[in-house]
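Chemist: Here is what each chain is made of, one letter per residue.
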Amino acid sequence: MNQTPAYTTHHPRWYRTRVSTYWWSRKWAYFRFIVRELTSIAVAYVVVLTLVQIQALRQGADEYAEFQELLRKPLLLSLNMIALFFVLYHAITWFNLAPKAVVAHFRGKRISDTLIKASNYVVWLAISGGVIWLLSGG
Amino acid sequence: MSKKSNEPFLWFLFSAGGVVAALLMPVLLFLHGLAFPLGWLQPSGYETTLALVKNPLARLVLFVLCSLPLFHWAHRFRFTLYDGLQIKHLNEVISFFCYGGAIAGTALAGYLLWNIP
Chain A
1 MNQTPAYTTH HPRWYRTRVS TYWWSRKWAY FRFIVRELTS IAVAYVVVLT
51 LVQIQALRQG ADEYAEFQEL LRKPLLLSLN MIALFFVLYH AITWFNLAPK
101 AVVAHFRGKR ISDTLIKASN YVVWLAISGG VIWLLSGG
Chain B
139 MSKKSNEPFL WFLFSAGGVV AALLMPVLLF LHGLAFPLGW LQPSGYETTL
189 ALVKNPLARL VLFVLCSLPL FHWAHRFRFT LYDGLQIKHL NEVISFFCYG
239 GAIAGTALAG YLLWNIP
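Going down the list, the protein sequences come from chains A and B. Residue numbers for the first sequence follow the working numbering, so the first one is 1 and each next one is one higher. Residue numbers for the second sequence follow the working numbering, so the first one is 139 and each next one is one higher.
Since the hints were derived computationally from the structure, they do not count as laboratory data. The beta carbon of each residue, even a glycine, is placed where N, CA and C say it ideally should be. Careful: at least some of the hints might be erroneous.
[What the hints assert, rightly or not] Distance condition first, Cα-Cα at most 25 Å in a straight line; then the derived SDA-like pairs of lysine to any residue:
hint, chain 1, residue 1, chain 2, residue 2
1, A, Lys117, A, Leu38
2, B, Lys192, A, Lys117
3, A, Lys100, B, Leu161
4, A, Lys27, A, Ile82
5, B, Lys226, A, Lys117
6, B, Lys192, A, Gln59
7, A, Lys100, A, Ile82
8, A, Lys100, A, Arg36
9, A, Lys73, B, Leu188
10, A, Lys27, B, Tyr220
[What the hints assert, rightly or not] Beta-carbon label-pair distances, calculated as ranges:
hint, chain 1, residue 1, chain 2, residue 2, range
11, B, Asn144, A, Gly129, 35 to 41 Å
12, B, Gly177, A, Val52, 18 to 24 Å
13, B, Ser182, A, Asn96, 38 to 44 Å
14, B, Leu179, A, Arg32, 28 to 34 Å
15, B, Ser233, A, Thr21, 18 to 24 Å
16, B, Gly239, A, Trp23, 24 to 30 Å
17, A, Tyr15, B, Ala245, 43 to 49 Å
Work out the full structure: start from the sequences and follow the hints.
Modeler: So, in structure tokens, the structure goes:
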């Protein structure tokens, strides 16, 4: 460490250990991190599904019924079940991280992490209930 | 060339999209993907649904629901490829594909929602 390296005519190469492409499979925490990052694919999928649904709705009653029939196919049911798992995983990890992103104060005191988390979950439940009420029935 | 980084703006879109996706997507996918097709709950009829979607506020919500989460996806997926698979040399191509896709999806959502017959 104390020796000055000898003069070289070429640029010395930095020492870097090679990281395997599958580095995230070695540890449970790393694996959970990658799963969390991959939830974005499910998020994009839901947008695509929503756009297809809006288009079916625009085209008419028959096309919309056809779209609803399509969603009953086992392939789409299983795909949607997997996507739902990922979207839920996104929501839960997102709300749990909220206290780290939001530093809010009230009367000079910092609002506790638990309160921020809890309020996120309350809003989530309220919105979910509202959407179910709005879209079902009839 | 001293250019201001647009990373904070992209991060803001990522964050806003994350909130929208977390709040709305689980319930929407649960309803349309499972509860309605499996008959656990009865969906509203075509006319009711169409009338609902024609409401300006509903259109705005649907537009936001489509647009912001796409930017969330773009940002997160970009870094998944970057860190996870370590495809660093294709950074420009990946960014173009991700954010370009989000912009295209936003434009499509705007078009579809703007003129509903």
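Chemist: Next step is simple, just say for each hint if it's right about the structure.
Modeler: Hints, verified against the model:
The straight-line distance between the Cα atoms of Lys117/A and Leu38/A is roughly 23 Å, inside the 25 Å bound, and the hint therefore holds. Between Lys192/B and Lys117/A the alpha-carbon distance is near 34 Å, which puts this suggested pair outside the 25 Å criterion. Between Lys100/A and Leu161/B, the direct Cα distance comes to roughly 18 Å. Compliance with the 25 Å bound is thereby established for this hinted pair. Restraint check for Lys27/A and Ile82/A: satisfied, since their Cα atoms lie roughly 23 Å apart, inside the 25 Å limit.
Distance hint between Lys226/B and Lys117/A is unfulfilled; the C-alpha atoms sit about 35 Å from each other, more than 25 Å. As the CA atoms of Lys192/B and Gln59/A are separated by approximately 14 Å, the hinted pair is consistent with the 25 Å bound. Of the pairs offered as hints, the one joining Lys100/A and Ile82/A is violated, with about 28 Å between alpha carbons and a cut-off of 25 Å exceeded. A C-alpha spacing of about 16 Å is found between Lys100/A and Arg36/A, which places the hinted pair at or below 25 Å, so the restraint holds.
Restraint check for Lys73/A and Leu188/B: the C-alpha separation of about 24 Å stays at or below 25 Å, so the hint holds. A C-alpha spacing of about 19 Å is found between Lys27/A and Tyr220/B, which places the hinted pair at or below 25 Å, so the restraint holds. Distance hint check for Asn144/B and Gly129/A: the Cβ-Cβ separation is about 38 Å, which falls inside the suggested range of 35 to 41 Å. Between Gly177/B and Val52/A the Cβ separation comes to about 21 Å, which falls inside the hinted range of 18 to 24 Å.
For Ser182/B and Asn96/A, the hinted distance range of 38 to 44 Å is not satisfied, since their beta carbons lie about 33 Å from each other. In this structure, Leu179/B and Arg32/A meet the distance hint of 28 to 34 Å, their C-beta atoms being roughly 32 Å apart. Between Ser233/B and Thr21/A the C-beta distance comes to about 20 Å, which sits within the given range of 18 to 24 Å. With their beta carbons about 27 Å apart, Gly239/B and Trp23/A fall inside the hinted range of 24 to 30 Å.
The hinted window of 43 to 49 Å between Tyr15/A and Ala245/B holds, with their beta carbons roughly 47 Å apart.
Hint violations for this structure: numbers 2, 5, 7, 13, all remaining hints satisfied.
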